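**Q** From first to last, the protein sequence lines stand for chains A and B.
Per the numbering used here, numbering of the first sequence is gapless, rising by one per residue and ending at 246.
Per the numbering used here, numbering of the second sequence is gapless, rising by one per residue and ending at 452.
These aren't lab readings, by the way, just hints derived from the structure by calculation.
Misleading hints may appear alongside valid ones.
Unchecked claim - Computed list of lysine-lysine pairs in DSSO-like fashion (alpha-carbon distance at most 27 Å, straight line): (1) 334/B - 254/B; (2) 272/B - 109/A; (3) 255/B - 275/B; (4) 406/B - 102/A; (5) 94/A - 275/B; (6) 244/A - 406/B; (7) 165/A - 285/B; (8) 213/A - 345/B; (9) 354/B - 165/A; (10) 434/B - 306/B; (11) 145/A - 406/B; (12) 406/B - 94/A; (13) 308/B - 109/A; (14) 255/B - 354/B; (15) 297/B - 89/A; (16) 241/A - 285/B; (17) 229/A - 354/B; (18) 254/B - 111/A; (19) 245/A - 406/B; (20) 449/B - 229/A; (21) 306/B - 102/A; (22) 354/B - 306/B; (23) 255/B - 145/A; (24) 272/B - 60/A; (25) 254/B - 241/A; (26) 109/A - 406/B; (27) 102/A - 274/B; (28) 275/B - 244/A; (29) 229/A - 406/B; (30) 208/A - 358/B; (31) 213/A - 406/B; (32) 406/B - 89/A; (33) 275/B - 229/A; (34) 334/B - 299/B.
Bear in mind the structure is a predicted one, so any value in this text is a computation, not a measurement.
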Amino acid sequence: MVRHSGKDLNISGYMRVDGGIYDSVKINGSADLNSALQCNDLKVNGTANISGSVNSDYIKVNGRIYVRDSVEAGEYMTNGKSEIEGSMKADYIKVDGSLEVKRNIEAGKIKVNGEILAGEGLNAEEMDINGRININSLLNADRLKFELYWRSYAGEIGGEHIVIKKGDLMGFDKFLKFVFSAFGYKESSLNAGIIEGDDIYLEATQAKIVRGKNVVIGEGCSIELVEYKDTFRQQNGGYVKESKKI
Amino acid sequence: MEEELISKKELLEATNISYGQLYRWKRKKLIPVEWFIRKSAVTGQETFFPKDKILARIEKIKNMKDDASLNDLADVFSPAVKAVNSEKQDLTARGIISKAVMEIIGEKYGQKEQLGFREVLYAYSIEKALSSGDIGRDEAKFLLETLDENFPKLEGKACKAYVLRKMGTTTCCLIQDGLEIYFDSGVKTAACLNLATLMEELKTKL
Numbered sequence: 001m002v003r004h005s006g007k008d009l010n011i012s013g014y015m016r017v018d019g020g021i022y023d024s025v026k027i028n029g030s031a032d033l034n035s036a037l038q039c040n041d042l043k044v045n046g047t048a049n050i051s052g053s054v055n056s057d058y059i060k061v062n063g064r065i066y067v068r069d070s071v072e073a074g075e076y077m078t079n080g081k082s083e084i085e086g087s088m089k090a091d092y093i094k095v096d097g098s099l100e101v102k103r104n105i106e107a108g109k110i111k112v113n114g115e116i117l118a119g120e121g122l123n124a125e126e127m128d129i130n131g132r133i134n135i136n137s138l139l140n141a142d143r144l145k146f147e148l149y150w151r152s153y154a155g156e157i158g159g160e161h162i163v164i165k166k167g168d169l170m171g172f173d174k175f176l177k178f179v180f181s182a183f184g185y186k187e188s189s190l191n192a193g194i195i196e197g198d199d200i201y202l203e204a205t206q207a208k209i210v211r212g213k214n215v216v217i218g219e220g221c222s223i224e225l226v227e228y229k230d231t232f233r234q235q236n237g238g239y240v241k242e243s244k245k246i
Numbered sequence: 247m248e249e250e251l252i253s254k255k256e257l258l259e260a261t262n263i264s265y266g267q268l269y270r271w272k273r274k275k276l277i278p279v280e281w282f283i284r285k286s287a288v289t290g291q292e293t294f295f296p297k298d299k300i301l302a303r304i305e306k307i308k309n310m311k312d313d314a315s316l317n318d319l320a321d322v323f324s325p326a327v328k329a330v331n332s333e334k335q336d337l338t339a340r341g342i343i344s345k346a347v348m349e350i351i352g353e354k355y356g357q358k359e360q361l362g363f364r365e366v367l368y369a370y371s372i373e374k375a376l377s378s379g380d381i382g383r384d385e386a387k388f389l390l391e392t393l394d395e396n397f398p399k400l401e402g403k404a405c406k407a408y409v410l411r412k413m414g415t416t417t418c419c420l421i422q423d424g425l426e427i428y429f430d431s432g433v434k435t436a437a438c439l440n441l442a443t444l445m446e447e448l449k450t451k452l
């Protein structure tokens with residue numbers, strides 16, 4: 001949606017302002033917005049603290065953003081850290097760094113280099129993750145491609161194509177490698193309750209139940225029960241306590 | 247009245263759909279979140295659904311999904327009122343609303359040419375009840391009053407309209423789905439209209 005408020009908001013240095021409706025918002029430095037913000041595009045180089053919801057076609061954050069309420073965006077790109085108290089809805093989310101949403105995330109396509117956290121659930125058509133996730137309830141994605149680094153958690157995972165592989169730290173970005181080792185890097189793994197899908201490939205995953213049409217349980221897995229419709233394969237030492245064809 | 251439940255596993259088997267499809271339709275809100283019921287079972291937490299409702303819904307989605315996008319389908323199944331006006335002439339010509347019912351509508355809403363979605367829904371509801379012979383013309387007017395006055399209060403919630411008779415007197419009411427109601431033995435349910443279902447039907451016709 002293109003808004004024609006006719007006014008832009010440009011902040012350099014530190015400013016505390018009211019929110020409002022703008023065409024283009026640029027923050028170079030640090031800004032505290034007292035209320036909700038609606039705009040066509042929002043660019044943050046530095047820090048933004050917004051005490052209300054944010055609704056923008058395009059959001060690009062280089063640095064930190066904190067939003068007291070929910071975010072609705074066309075494209076959301078963050079290089080740094082984003083913390084959203086409410087829910088987040090976007091067509092496209094790109095995270096280089098960290099995105100933490102206290103409630104739900106709903107998106108078309110999500111690409112993460114780093115981490116993505118949701119206090120409730122996550123719905124997406126397509127997800128490509130290099131890093132870690134922490135989704136408290138259901139991660140629902142048509143296509144999930146996940147290269148695991150460090151520890152991840154999802155209450156449940158459901159979708160069509162689910163591919164979870166153990167990340168190779170050797171090929172990983174130097175900066176994030178440093179960050180992880182500074183936190184006492186632990187073996188990469190995903191802990192999930194139930195994983196259900198059509199085609200499932202898992203590595204380094206611990207889950208109670210895995211159900212699907214075609215299931216491959218690979219290296220580093222520990223699964224209590226696999227129920228499969230068509231094919232099931234265990235490889236490279238993946239552990240499955242019980243498997244059933246249904 | 248306990249609704250019969252079906253497990254997710256049984257459902258997939260019965261309808262021949264895959265996990266991927268079920269999750270996608272859940273994500274696109276083609277299946278209401280409330281229908282996913284978590285219960286403890288031998289293997290831990292399992293998901294169940296109200297059997298009749300989910301089977302009917304999945305059949306509909308399967309039948310419609312080739313002709314409409316999933317987003318279009320989400321509109322059809324949502325409890326939200328469609329923001330569309332219909333021409334009275336068009337409705338009678340296509341057999342959606344009979345002339346008799348259109349007269350009753352005319353008495354209430356005046357001689358305007360167009361009807362808002364809600365008004366068409368009320369007309370459609372009365373049409374169903376009248377044409378099945380369940381209610382008479384006066385009762386239809388009464389039902390229209392009840393809908394007109396009270397349906398907006400239940401906006402967005404699934405509900406049923408009841409026409410009840412006792413000792414020769416008729417009364418109407420709107421009851422939100424999911425509530426259990428018990429009438430005294432002297433009451434006869436002349437008609438019970440599922441407004442959510444009627445709304446869906448209507449949305450596909452308009």
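**Q** Please write out, lowest number first, the hints stated earlier that are contradicted by the structure.
**A** Hints 1, 4, 6, 7, 8, 9, 10, 11, 12, 14, 15, 17, 18, 19, 20, 21, 22, 24, 26, 28, 29, 30, 31, 32, 34 contradicted; others consistent.
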